[in-house]
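Student: Chains A and B supply the protein sequences, listed in that same order.
Residues in the first sequence are numbered consecutively from 1, following the numbering used here.
Residues in the second sequence are numbered consecutively from 1001, following the numbering used here.
Bear in mind the hints are in silico, worked out from the structure with no lab data behind them.
Among the clues, some could well be false.
As the list claims (entries may be wrong) - Here are the simulated DSS-like pairs of lysine-lysine, each with C-alpha atoms no more than 30 angstroms apart in a straight line:
{"no.": "1", "chain 1": "A", "residue 1": "K55", "chain 2": "B", "residue 2": "K1068"}
{"no.": "2", "chain 1": "B", "residue 1": "K1099", "chain 2": "B", "residue 2": "K1077"}
{"no.": "3", "chain 1": "A", "residue 1": "K13", "chain 2": "A", "residue 2": "K3"}
{"no.": "4", "chain 1": "A", "residue 1": "K57", "chain 2": "A", "residue 2": "K71"}
{"no.": "5", "chain 1": "A", "residue 1": "K3", "chain 2": "B", "residue 2": "K1099"}
{"no.": "6", "chain 1": "A", "residue 1": "K57", "chain 2": "A", "residue 2": "K13"}
{"no.": "7", "chain 1": "B", "residue 1": "K1099", "chain 2": "A", "residue 2": "K53"}
{"no.": "8", "chain 1": "A", "residue 1": "K57", "chain 2": "B", "residue 2": "K1077"}
{"no.": "9", "chain 1": "A", "residue 1": "K18", "chain 2": "B", "residue 2": "K1052"}
{"no.": "10", "chain 1": "A", "residue 1": "K71", "chain 2": "B", "residue 2": "K1056"}
{"no.": "11", "chain 1": "A", "residue 1": "K13", "chain 2": "A", "residue 2": "K71"}
{"no.": "12", "chain 1": "B", "residue 1": "K1077", "chain 2": "A", "residue 2": "K18"}
{"no.": "13", "chain 1": "A", "residue 1": "K13", "chain 2": "A", "residue 2": "K70"}
{"no.": "14", "chain 1": "B", "residue 1": "K1052", "chain 2": "A", "residue 2": "K3"}
{"no.": "15", "chain 1": "A", "residue 1": "K13", "chain 2": "A", "residue 2": "K53"}
{"no.": "16", "chain 1": "A", "residue 1": "K70", "chain 2": "B", "residue 2": "K1099"}
{"no.": "17", "chain 1": "B", "residue 1": "K1060", "chain 2": "B", "residue 2": "K1099"}
{"no.": "18", "chain 1": "B", "residue 1": "K1068", "chain 2": "A", "residue 2": "K13"}
{"no.": "19", "chain 1": "B", "residue 1": "K1060", "chain 2": "A", "residue 2": "K57"}
{"no.": "20", "chain 1": "B", "residue 1": "K1068", "chain 2": "A", "residue 2": "K3"}
{"no.": "21", "chain 1": "B", "residue 1": "K1099", "chain 2": "B", "residue 2": "K1068"}
Unchecked claim - To list a few chain B residues with every Cβ distance to chain A over 12 angstroms, as calculated:
{"no.": "22", "residue": "T1020"}
{"no.": "23", "residue": "T1026"}
{"no.": "24", "residue": "T1028"}
{"no.": "25", "residue": "L1044"}
{"no.": "26", "residue": "T1065"}
{"no.": "27", "residue": "T1071"}
{"no.": "28", "residue": "G1078"}
{"no.": "29", "residue": "D1084"}
{"no.": "30", "residue": "C1090"}
{"no.": "31", "residue": "I1100"}
{"no.": "32", "residue": "F1102"}
{"no.": "33", "residue": "S1109"}
{"no.": "34", "residue": "R1111"}
Stated by the list, open to error - If we take Cβ atoms under 10 angstroms as the criterion, some of the chain A residues that face chain B in the derived model are:
{"no.": "35", "residue": "E22"}
{"no.": "36", "residue": "G40"}
{"no.": "37", "residue": "L41"}
{"no.": "38", "residue": "A92"}
{"no.": "39", "residue": "G110"}
Glycine included, C-beta positions come from ideal geometry on N, C-alpha and C.
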Amino acid sequence: DVKVTQSSRYLVKRTGEKVFLECVQDMDHENMFWYRQDPGLGLRLIYFSYDVKMKEKGDIPEGYSVSREKKERFSLILESASTNQTSMYLCASSLLGGGESTGELFFGEGSRLTVL
Amino acid sequence: GNSVTQMEGPVTLSEEAFLTINCTYTATGYPSLFWYVQYPGEGLQLLLKATKADDKGSNKGFEATYRKETTSFHLEKGSVQVSDSAVYFCALLYSSASKIIFGSGTRLSIRP
Chain A
1 DVKVTQSSRY
11 LVKRTGEKVF
21 LECVQDMDHE
31 NMFWYRQDPG
41 LGLRLIYFSY
51 DVKMKEKGDI
61 PEGYSVSREK
71 KERFSLILES
81 ASTNQTSMYL
91 CASSLLGGGE
101 STGELFFGEG
111 SRLTVL
Chain B
1001 GNSVTQMEGP
1011 VTLSEEAFLT
1021 INCTYTATGY
1031 PSLFWYVQYP
1041 GEGLQLLLKA
1051 TKADDKGSNK
1061 GFEATYRKET
1071 TSFHLEKGSV
1081 QVSDSAVYFC
1091 ALLYSSASKI
1101 IFGSGTRLSI
1111 RP
């Protein structure tokens, strides 16, 4: 069974703290994604990566950064957390070939972050 | 630009009722279309997909037909069950950018 694992299901942080959200996939997928999910807004893409050490900005990258040092691991970093970053964060991976996506994303269970 | 619009929820139905969740899209070219489902406490998972006009995707009793003339991909099920209670997301992939765009999601609740 394919597996995307997010390290923390629930986190509570204070404004200004640095936050790390970790994601690991065991499917040898080239591509990994970070989304945030907010009521009424659906899923919005923060960052994605097509290869190790490679990253691309999504639709809402401000206030976030990412790291992909190994193929299986994709980390989302909030350098200085703010209250408007309270949200559900979803990691996903997919198999791509030559830059084309099949469209099937495999998601983790999500990390619910609350910033006080 | 490319976008996906789906009916707002929540949608509440009785068990064995007929379900339709509307989804329309705006896209240049010929996108692939998807329905993802998110059960309580879980991440999203692919429910069904269609990659070209007139294709019908189906899975677990759900169906959706890719209608290019109406730019729609409505999700249907003939007889819903309590276990279908979830949030459903319509999505499109435009391959020129290899990006997937999601709709806002529709929460479905089924009463026993």
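Student: Each hint should be assessed against the structure and marked as holding or not.
Tutor: Here is how each hint holds up against the structure:
1. A/K55 x B/K1068: Violated, because 33 angstroms separates the two Cα atoms, which is more than 30 angstroms.
2. B/K1099 x B/K1077: holds (28 angstroms)
3. A/K13 x A/K3: holds (27 angstroms)
4. A/K57 x A/K71: It holds: about 18 angstroms lies between the C-alpha atoms, which stays within 30 angstroms.
5. A/K3 x B/K1099: holds (22 angstroms)
6. A/K57 x A/K13: Satisfied, since the Cα-Cα distance of roughly 24 angstroms is no more than 30 angstroms.
7. B/K1099 x A/K53: Roughly 19 angstroms between the alpha carbons, so the hint for B/K1099 and A/K53 holds.
8. A/K57 x B/K1077: Not satisfied, since the Cα-Cα distance of roughly 37 angstroms exceeds 30 angstroms.
9. A/K18 x B/K1052: Distance ~44 angstroms between A/K18 and B/K1052 Cα, so the pair is violated.
10. A/K71 x B/K1056: violated (35 angstroms)
11. A/K13 x A/K71: Holds: A/K13 and A/K71 sit about 28 angstroms apart, inside 30 angstroms.
12. B/K1077 x A/K18: violated (45 angstroms)
13. A/K13 x A/K70: Distance ~27 angstroms between A/K13 and A/K70 Cα, so the pair holds.
14. B/K1052 x A/K3: Roughly 29 angstroms between the alpha carbons, so the hint for B/K1052 and A/K3 holds.
15. A/K13 x A/K53: holds (27 angstroms)
16. A/K70 x B/K1099: holds (22 angstroms)
17. B/K1060 x B/K1099: Answer holds: B/K1060 to B/K1099 is near 26 angstroms, not above 30 angstroms.
18. B/K1068 x A/K13: Distance ~46 angstroms between B/K1068 and A/K13 Cα, so the pair is violated.
19. B/K1060 x A/K57: violated (35 angstroms)
20. B/K1068 x A/K3: It is violated: about 34 angstroms lies between the C-alpha atoms, which goes past 30 angstroms.
21. B/K1099 x B/K1068: holds (20 angstroms)
22. T1020: holds (19 angstroms)
23. T1026: Consistent with the label, B/T1026 stays out of reach of chain A, its closest Cβ about 15 angstroms off (over 12 angstroms).
24. T1028: Its Cβ never comes within 12 angstroms of chain A, the nearest being 17 angstroms, so this holds.
25. L1044: violated (5 angstroms)
26. T1065: holds (17 angstroms)
27. T1071: holds (17 angstroms)
28. G1078: At about 25 angstroms from chain A, B/G1078 clears the 12 angstroms cut-off, so the statement holds.
29. D1084: holds (19 angstroms)
30. C1090: Given a closest Cβ separation of 9 angstroms, the condition is violated.
31. I1100: violated (6 angstroms)
32. F1102: violated (4 angstroms)
33. S1109: It holds; B/S1109 is separated from chain A by about 15 angstroms at its closest Cβ, greater than 12 angstroms.
34. R1111: Nearest chain A Cβ is 22 angstroms from B/R1111, so the label holds.
35. E22: Violated: closest Cβ of chain B sits about 15 angstroms from A/E22, beyond 10 angstroms.
36. G40: For A/G40, the interface hint holds, since the closest Cβ of chain B sits about 6 angstroms away, which is under 10 angstroms.
37. L41: holds (6 angstroms)
38. A92: Result: holds, 8 angstroms to nearest chain B Cβ.
39. G110: holds (6 angstroms)
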